[in-house]
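> Per the numbering used here, the very first residue in the sequence shown carries number 1; after that it's consecutive.
The hints are simulated quantities; they were obtained by calculation from the structure and are not laboratory data.
A portion of the hints provided could be inaccurate.
[To be verified] Below, a list of computed lysine to any residue pairs in the SDA-like style, where the Cα atoms sit at most 25 Å apart: (1) K20 with S86; (2) K33 with L56; (3) K42 with S65; (4) K55 with C7; (5) K15 with F43; (6) K87 with N48; (7) K85 with I44; (8) K8 with L69.
[Claimed, not checked] DEER-style ranges, computed between Cβ atoms: (9) K85 with V34: 18 to 24 Å; (10) K42 with N84: 26 to 32 Å; (11) K57 with Q96: 34 to 40 Å; (12) I60 with G22: 16 to 22 Å; (13) D39 with N64: 18 to 24 Å; (14) G22 with N70: 14 to 20 Å; (15) S65 with D89: 19 to 25 Å; (16) V77 with K57: 22 to 28 Å; (17) N70 with Y13: 15 to 21 Å.
Everything numeric in this text was worked out from a predicted model, so none of it was measured.
Quick reminder that beta carbons are idealized off the backbone N, C-alpha and C, glycines included.
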Amino acid sequence: LGIDINCKEHVSYFKPHFLKTGGSHDFYAIIFKVELNLDQNKFIKVYNNYTETLKLKSIIPEFNSLLFLNNDPEEIVNFLRNNNKSKVDYLHSLLQIINMDNKYRIKL
């Protein structure tokens, strides 16, 4: 995504937060909690610069686009109910946890 986790200008918090097990492929996944010091517009600029750098090196970026959700219970519930695109198997549970606990703020 182009974020330097060691750059205090970009990141105020970065730590492992969950260990996900099981799922359709029975993989382990570490899910990190990240708090950014960037607003959405600045984050998009960092991300766009990163993807342009990759493209100049003939590397295809992993993501075609980014989706931003506010840490708003109604918005999260609407996203989970109405977005029919394929998702990683743990996204629904993760967003429910974020939705239930105000400590997990998405800072974009």
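> Hint by hint, which ones does the structure fall short of?
2, 12, 14 and 16
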